[in-house]
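Q: Work out the full structure: start from the sequences and follow the hints.
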Amino acid sequence: MRIPCPLCGDRDSGEFTYLGDATVRRPPADETDLEPWFEFVYLRDNPKGWHKELWHHGQGCRAWVAVERDTLTHEVFGSQLARERAIAEDERA
Amino acid sequence: MSQDFRLAEGGLIDRERHLHFKFDGRRYTGFAGDSLAAALLANGVRLVGRSFKYHRPRGVVTCGSNEPNALVELRTGARKAPNMPATTIELYEGLVASSQNRWPSVNFDLLSVNNILAPVFVAGFYYKTFMWPASWWEPVYERFIRRAAGLGRASGAPDPDRYERANLHCDVLVVGGGPAGLAAALTAGRAGARVVICDEGPRLGGSLLSERIRLNGEAGWRWAGEAALELAGLPNVRVMTGTTVFGYYDHNTLGAVERVGEKGPRPPEHMPRERMWHIDAGQVVIAAGALERPIVFTNNDLPGVMLASAARGYVNRYAVRPGSRAVVFGNNEDIYATADDLTAGGVEVVGVVDSRAKAAQSSSHPVYQAQRVVRALGWRSVTGVELGDGTKLNCDLVAVAGGWNPAVHLSSQTGVRPVWNSEAAAFLPGEPRQAEASVGAAAGYFATSDALDTGAAAGKAAAEARGRKAKIADLPVAEEPRHGGLEALWYVPGRDKRSFIDLQHDVTVSDVKLAEREGYRSVEHMKRYTTLGMATDQGKTANIPGLAILAEARGQDIPEVGTTVFRPPYTPVSLGVFAGYNRQQNFQPVRRSPLHEWGEAHGAVFMEAGPWMRIQAFPRDGEDIMAATNREVEATRRSVGMCDVSTLGRIDLQGPDVAEFLNRLYCNGWKTLPVGKARYGLMLREDGIVFDDGTTSRLGENHYLMTTTTGQAPLVMTHMEYCHQVLWPELDVTFVSVSDQWAGVAVAGPKSRAVLQKVFPEADLSNEAFPFLAAGEFDLGGLPARLFRITFSGELGYELNVPADYGPAVADMILEAGEEFGITPYGLEALDVMRIEKGHVTHADLDGRVTAADAGFGKMMSTKKDYIGRRLAERPAFSEARRPRFVGLRPVDRNSRLHAGAHLLPQGTTDSIEHDEGYISSAAYSPTLGHWIALGFLANGHERLGEVVRMVDLVRGLEVPVEVVSQHFVDPEGERQNA
Chain A
1203 MRIPCPLCGD RDSGEFTYLG DATVRRPPAD ETDLEPWFEF VYLRDNPKGW HKELWHHGQG
1263 CRAWVAVERD TLTHEVFGSQ LARERAIAED ERA
Chain C
22 MSQDFRLAEG GLIDRERHLH FKFDGRRYTG FAGDSLAAAL LANGVRLVGR SFKYHRPRGV
82 VTCGSNEPNA LVELRTGARK APNMPATTIE LYEGLVASSQ NRWPSVNFDL LSVNNILAPV
142 FVAGFYYKTF MWPASWWEPV YERFIRRAAG LGRASGAPDP DRYERANLHC DVLVVGGGPA
202 GLAAALTAGR AGARVVICDE GPRLGGSLLS ERIRLNGEAG WRWAGEAALE LAGLPNVRVM
262 TGTTVFGYYD HNTLGAVERV GEKGPRPPEH MPRERMWHID AGQVVIAAGA LERPIVFTNN
322 DLPGVMLASA ARGYVNRYAV RPGSRAVVFG NNEDIYATAD DLTAGGVEVV GVVDSRAKAA
382 QSSSHPVYQA QRVVRALGWR SVTGVELGDG TKLNCDLVAV AGGWNPAVHL SSQTGVRPVW
442 NSEAAAFLPG EPRQAEASVG AAAGYFATSD ALDTGAAAGK AAAEARGRKA KIADLPVAEE
502 PRHGGLEALW YVPGRDKRSF IDLQHDVTVS DVKLAEREGY RSVEHMKRYT TLGMATDQGK
562 TANIPGLAIL AEARGQDIPE VGTTVFRPPY TPVSLGVFAG YNRQQNFQPV RRSPLHEWGE
622 AHGAVFMEAG PWMRIQAFPR DGEDIMAATN REVEATRRSV GMCDVSTLGR IDLQGPDVAE
682 FLNRLYCNGW KTLPVGKARY GLMLREDGIV FDDGTTSRLG ENHYLMTTTT GQAPLVMTHM
742 EYCHQVLWPE LDVTFVSVSD QWAGVAVAGP KSRAVLQKVF PEADLSNEAF PFLAAGEFDL
802 GGLPARLFRI TFSGELGYEL NVPADYGPAV ADMILEAGEE FGITPYGLEA LDVMRIEKGH
862 VTHADLDGRV TAADAGFGKM MSTKKDYIGR RLAERPAFSE ARRPRFVGLR PVDRNSRLHA
922 GAHLLPQGTT DSIEHDEGYI SSAAYSPTLG HWIALGFLAN GHERLGEVVR MVDLVRGLEV
982 PVEVVSQHFV DPEGERQNA
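Those protein sequence lines, which keep their order, are chains A and C. By the count of our numbering, the first sequence reaches residue 1295 at its end, each step adding exactly one. By the count of our numbering, the second sequence reaches residue 1000 at its end, each step adding exactly one.
What the hints contain is simulated information worked out from the structure, not anything from laboratory work. One or more of the hints may lead you astray.
[What the hints assert, rightly or not] Here are some of the chain A residues that sit facing chain C, going by a computed Cβ distance under 10 Å: (1) 1219; (2) 1235; (3) 1239; (4) 1247; (5) 1250.
[Unchecked claim] Listed next, the stretches of chain C that the computed footprint assigns to chain A, with coverage defined by at least 3 CB atoms under 8 Å from CB atoms of chain A: (6) 42–52; (7) 333–344.
All C-beta atoms in this analysis are idealised placements derived from N, C-alpha and C, irrespective of residue type, glycine included.
A: In structure tokens form, the structure reads like this:
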């Protein structure tokens, strides 16, 4: 498999490690209800088809990359630095 | 022995080069260019093995990698490789091979009694037979199955050869060097694209080497030779023969194995036996050809029954007569070309049995039109055939032509389902999903002219897709015997229990029909119930006939039944080449401290700690490790010791938001840490469990140095990158690992200050100027040195960091400065003993189940800030009274030994799990106290000091009463470290 790293270009998936769903959000620091924390830490969907996932380019530039991918066909649609995505979301919020 | 079956002339062999080889202990001669199978047939050896279940005699069936029968053990001793197809082994001088699955000999095999018992060994035999009594399973059934099962035997010895892995990138990968592949590679190669062309055989040409094909009026193999020469001369083209592309993975990455060292008994010096290629291809052209399929009839497994293409191949390519009197049987025009080739090769063709009502061409051979071979006659090899009308023909060779299956394997490995084509009566590759195209016979274009055309067109398209201007190469004009005209015929009804579909797994027509009757109607179920197609050849000759017979039994068409999924590898790949270099001491890189050689020079003994080699102890004249450890501990506690701590993780953090970042990473607070001070920090995982610990020092206003444990250092770095990039990108922080840039030496003991004062004569190291947890940067004769007053042993202690390359020199400097105090270097064992005495945790204790509160760090957890793990550390289950809490333990009888891993149970209970209250995580003999001590986790342990519980070690058969005590065995008030 090839993963497009926004900094390094297309690289072999062996250079990356997989974390999982990139769309889950850490609850706000002042959230005292345990339920959202439980969901954030333990609960993940296992979608068949489109998925946005975090990959770590540990054997490369060490960037965390959000990759859009089809879990069924393994087609990769694109990627973005997790850092830029997080900043963009903060600005929207 | 003479080569009685070798033709006087012809063939792509070098008759000047005689090669001597041994098969089953007998000596034979062949020629360079032979395969082992060709050389055996040239010498009249037709019986080459026994079948899997029934031990029936078996011979050569094919001329290539689809061979189900002629599997041999190649080489002897540690280099022995089982289940190697004789049809793909290139003959070399001194080759030694032997037949498989026979006892005592291939000609007289005692287990062929299974053949008589055949009615017992039907599909699902194992499931049905070895069911009861259950107590017989291990002592009786399993032993029997193990003895009877399997074909070749592995050597049982470590493989002495080397294997490599390598990467390859190209614009166009062409799989297969037949006419289609050559046309593709020439077209793309001439356009300047980076082309790799692979072929599993030893030379390029494919069907041009084995069929009577003429190109531009000359033998086809001549054109193939010229094409190969041109390709080899193009700097942008890489020709890889003896290389099988076995797997097609996502995003046009493919796996190939190159048999570098299979041209002799052992690989050439400094060369591997095999090389694994990870190929990243822009475009892939699959020109893998097609595999001929048999027609199944009774006794079709006798030696002498082979595929028609194989019979032609042995005559044309190897100049070998595969028999003396032949019957050719088939359902398409190929039978006439076969009869012609055999006649040209001096084989008498006694009959061409054409299953079709009418042939498309006239023939000079005796033709039996609209007839079928219903069974082969003979015992150890074929002696004749019987036709449907009762006619018997004497022969020693039956060449069978059942049509062709395009090699759709690679295409379907990409996830594309093959599509049934009723005209070709075959599965063709489906619509590509990746950047690939199948051409030539692999796409159902069986005529050589079509193969050349489709190959060249695909080569042009592939080169253009990679931004090259390409034009179709001038292609030769092809003349070849008429083929096609197929009328499907899969099997001839007869004695179905003797009509073999899968020759390697002995699966018969009756097995498939039985599976269908017993409800295994899905093709995937039938496959597993009968094991059809599950042998090492993966059913290359068997799958489609098996499918057709299942379809007939179900009363359906083949496309309705569907096909099983093809998965890598295309042909078997040795495990050694997957491992490559990563075996034994090279399994993973070994990490060595910058003080490794320094330790060696001072008599250190090393031990493995994860990837690291760490100093275990410095034994002196005859000491064992324990004696050395005790001496090192005593010397350190009495005076001063020094230890290599270079392996700790070090992360340099800079920026205005470092304190905030640390505050969120660690459970304790960091906002108040002044410049020049170190602080102990505890990191949790987001689920509230302890992740790592270490000290972090503030070296400047916006400059911090974090240390992590040796083992977790890479994970902590990754975790911090996650937190910074994914969770809190707004924090203005930069950090980098500097673990490898610094050497670290711990100096500990009452005299450590005196030693370091000698090393840094200018600095004021007094307790007032440089107190416990002080951190500072000092000049050491021009070297930047970092000194931290931190301790793991509980003694007055320091850690000194210097640039890695200067580690050994500085370590010697400390040794010299400490000489007057009797400074003693100590290893990991002494370090561990001292930290257990002091009650410090390591990852032996923090094993991924322990919370901060469990480990006694509950008070460190800030309630004033957010940090990773804060909320889930508050979950109710983590504050239950019965949770195991960190305690110290000592034996009531001070002579008893304690063991890590042992369990803790209350007194007066039985040794059962419901009474289990905890476990020992660390144990050591304390030379300071003179008895064994331990750290562990005991339910509600911090409230049970003074209580006596039982240490139960069922593995060692021990029970020892132990007293629960504070984990701080030595200097609980910390007077020594603060001194």
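Q: So which hints don't hold here, by number, going up?
A: Failing hints, ascending: 4, 5, 6, 7.
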